[in-house]
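Kindly produce the complete structure, drawing on both the sequences and the hints.
Just so you know, the protein sequences line up as chains Y and Z, in that order. If you read the first sequence in our numbering, its first letter stands for residue 1, the second for the next number, and so on. If you read the second sequence in our numbering, its first letter stands for residue 1, the second for the next number, and so on.
For the record, the hints were derived by calculation from the structure and aren't laboratory data. Warning: the hint list may mix true and false statements.
Heads up, the list lumps identical chains together, so a pair's fine if it works in one copy or across two of them.
In the PhoX-like style, the derived pairs of lysine-lysine whose C-alpha atoms are separated by at most 20 Å in a straight line are [to be verified]: (1) 152 <-> 355; (2) 144 <-> 201; (3) 92 <-> 201; (4) 355 <-> 283; (5) 366 <-> 152.
Being a predicted model, the structure only gives us computed values, none of them experimental.
Number of protein chains: 2
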Amino acid sequence: MKTFRLLVSLEEALQLIYNRIRQVEAVEEVDLDEAVRRVSAESVKASFNVPLFDRSAMDGYCVRAEDVYSANQFNPVRLKVIGSVGVDEEPKITIRSGECVQVATGSIIPEGGNAVVMYEHTERVEDEILVYKPVYPGENISKKGSDIPEGKEVVKDGDYLNASKIGVLAALGICRVKVYKKPSVLIIPTGNELAKVGERKSPTQVYDINSHTLAAIVKENGGIPVIHDIVPDDEREIEKALEKGSEKDLIVITGGSSIGTRDIIYDVLNKRGEVLFHGVQVKPGKPTIGAVFNGKIVLAMPGHPTSCLSNAYLFLRPVLRKLARLPEINPRVIRARLCRRVVATLGRRFFLTVKLRNGEVDPVFKESSAITSMAEADGYVVIPENVDTIEKGDWVDVYLFE
Amino acid sequence: MKTFRLLVSLEEALQLIYNRIRQVEAVEEVDLDEAVRRVSAESVKASFNVPLFDRSAMDGYCVRAEDVYSANQFNPVRLKVIGSVGVDEEPKITIRSGECVQVATGSIIPEGGNAVVMYEHTERVEDEILVYKPVYPGENISKKGSDIPEGKEVVKDGDYLNASKIGVLAALGICRVKVYKKPSVLIIPTGNELAKVGERKSPTQVYDINSHTLAAIVKENGGIPVIHDIVPDDEREIEKALEKGSEKDLIVITGGSSIGTRDIIYDVLNKRGEVLFHGVQVKPGKPTIGAVFNGKIVLAMPGHPTSCLSNAYLFLRPVLRKLARLPEINPRVIRARLCRRVVATLGRRFFLTVKLRNGEVDPVFKESSAITSMAEADGYVVIPENVDTIEKGDWVDVYLFE
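As structure tokens, then:
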């Protein structure tokens, strides 16, 4: 019979994996609209100024600011309207003292003009306007290059492309973007008792839950899940399945990571790969293994659905995001009072699933094997290793599931 | 010349839209793994108990609890091992007093047994074990139906399907799920100055940024963006484009929503549709219109890229999520000190884009027309309508972009 070695902390476990991670290197080119939530694999510099010319930032009249310094509500300045510049026109007109040109938001500023008076501060009288408010030189003008100067690096290699970065690329006329490929994750369910969802052949079988919760986490975190057929509790079969991970970026295998007669995943990883840690000071999810097999990171998750999914949030999510070069996720937190006493387990950090009911925090954790320990929860409370009891009414932070 | 009417607050504007929203009714059936982040369109009840039988929650020995009440570290109880039950076996064995059966996590509990002693608390001596710790009846047994009792409603119509809900469906053998269809959103860019990204034909043209930032927001919030060809500033053309929205669930039109010669979107919406509000007390993004056209909600966004994107977060995101029946998003918040004074605008809620630099909050807002006002920001600070200045060193909440 095997025993657990030294349990490592969550932080140590993650660090042991991070030390061995090889971030995705493969690159693909996608359409601009497909690039959102991806990671740029190139540095992008502006090949021209945005705006390309001095442009009006308002609808109104382009003037020489000096002409209207004296304008006020009671003594408007009178200017002659000598023409207009549409937003799609090149101005072929020069503004001289006493003159102005009608412009719209985005119009190119004509020669001689150096400010724009907003419509609201003017009154049109035939071919003249009355200006009721002074402007300073440059007022209501977006200067050439003021948004993006030519040559500026607007996107760096490794930048996460959110909506506004997509906007910057659009501003520069870029319609194809080089991004890092999404990591592919091989999910290997193991266990003689497992049946593929919907294909139970005998009442002793249970449906394979973990492949689907893991696939969901992989998808939500920028990876491509590939679910392997169910593998029986057999060293050779498990090894064969792990071999298939060599074409993938990450391997997650579930079941059989505890100590007991069936716990052969540790044996395979230990003999054919390199075990980084075996056992983590968390509850649920203690019997988790981190390993390297054929150069690929392997996370061996406990078979209990709640332990597996809890650890998917704690391990798989940060590991996958690092692999994918995606930014870390900080869960949303709500602070509220516990509605009853909770007894924890000294020496293990307890991720207690809870529900928010009438603004209070109600534990819903049943047992590691119960998927409803997760599904009925809004989030979890972290109870540190050195705390054995939290009293009813104590304030706790609830980390929300998304 | 048109003038703005009564400006409404952000909350009023949203409420005016919510009053008229018709949430998506159309349903499609998808594979379980495609259902993550979707909204269930059916109530799902458990058609059987999970677990289907009393099962062992541990690797160990199934016993009659009464036999080992007296066990302790110094006086173990001796039991005869009469067999074992594998996880995929139906037990054909009955445990009598003084006997036990080897079980693994998940094994069905044999007749006569009522508790499981963990391996760690036993010692095997040939065909007997020494039990070093008592168990109570039911200990380490997952009772039939304890996770999900038969008949229980595990997913409700309208439930958001996160990883753990997917897990519950998997546990029940459900491999196809009825979900609400994603709302389709027609994005209509307008403006004579606009060029399709990458297809600028004259230097006066500017690239259409808004269609792409809006498409990104739509995608990130469970919608399907459909980008219309660029529409010139022409009432008839705009009307024709809006007509195409009748096949879609929501229409977003950008540009030409301010007051001025070119602001014809308001005219079209007012003549052919119903304007719910025109002008919102926010900065940037004041000239936003909410309307109904052929029964569909229309959001008319300002053409300035930062105003447009800022309002996409403030209006489009919550409206689309409500339409799609998705849960609201509460942005992540960081509290930090402002590194310089900010002068705001009385009477408008100012969404000031900021960057976090060395733990301090640095405003990066340039002007509404500059997409970099958004792209260089980590998030925004909300300055209320009745605040005109925030001093350097003041604590502010930064709402983070994702």
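Hint check against the structure, violated hint numbers in rising order:
Every hint satisfied by this model.
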